[in-house]
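Start counting the sequence shown at 369; every next residue gets the next number (the numbering used here).
In case anyone wonders, no lab produced these hints; they're calculated from the structure. Don't be surprised by glycine CBs; every beta carbon is placed ideally from N, CA and C. Take every hint as true, because none was put in to throw you off.
Here are the simulated distance ranges between beta carbons:
#, residue 1, residue 2, range
1, Gln-524, Gly-483, 25 to 31 Å
2, Asn-578, Glu-458, 33 to 39 Å
3, Thr-451, Asp-482, 26 to 32 Å
4, Glu-458, Glu-490, 31 to 37 Å
5, Pro-455, Gly-494, 21 to 27 Å
6, Ala-448, Trp-503, 30 to 36 Å
7, Asp-507, Ser-576, 32 to 38 Å
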Amino acid sequence: MRKLGLCCIIIGLTACTTVEPQAEPTPTLDTVFETADAVVLPTFQADAESTAASVGVTAEIGPTPLPYPTAPGLQGTPLAQRTGACPVPEGYTLEQRVGFCIAVPGTWTIQNVDGGLAAALETTPGQAIGLLPEWAGADASICQVTVYIAEQGSAQDHLAARFREFQERAGLAELTPNSIQSPDGFAVSGFEWATGGRFGGVYAAQLSPNRLVHISHSGTTCALENLLPVLQTLRFTNEG
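Required output: the full structure, derived from the provided sequences and hints.
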């Protein structure tokens, strides 16, 4: 089996570590809308090479879960400060949810989250949205995006729990905490992962003492640079 190189991007320095991943079984659950298992929830990929700005710390991959190694500090506007009306570019439609809004291209597919899945995510159907980009068609394994608000008091604990779940996932090839800054200035912490031909990432930010937003995506063709124009339209309110 070929060796995979894990790379960290810290300010301007790049360090790579070679690891030998375990045999990778083909994932049997490809979409969040088919399972409530937090380990295989859709994730929001942040590819370091295609991201406007990315800072990362590579974690060792092994059978024993490690403490969540936080990425360096963010440089940008926290999501909690992204308030007000959502900008709606030409060709986009406004999607309003409890606690946030987002503008979505008219060619994308909107998927609502049902009650069972929402409960597993510790949210409600009205506080969550799933998106399939135009190039994914109806195939969530190509690319899917999920945004939801959860009544939780620590985005850091939320990310640490998701990080530990991925550490226990068979055949994991990459697991890298990082920070993303978008071209228009928003910043959010999270981590990226890769396994079995699919890649993704999980991000979270505290909106208020007891509310956080989770942003995630995954797929075989789901580059962050193609998702940022939509994610940049996110705006948040105090309701929920």
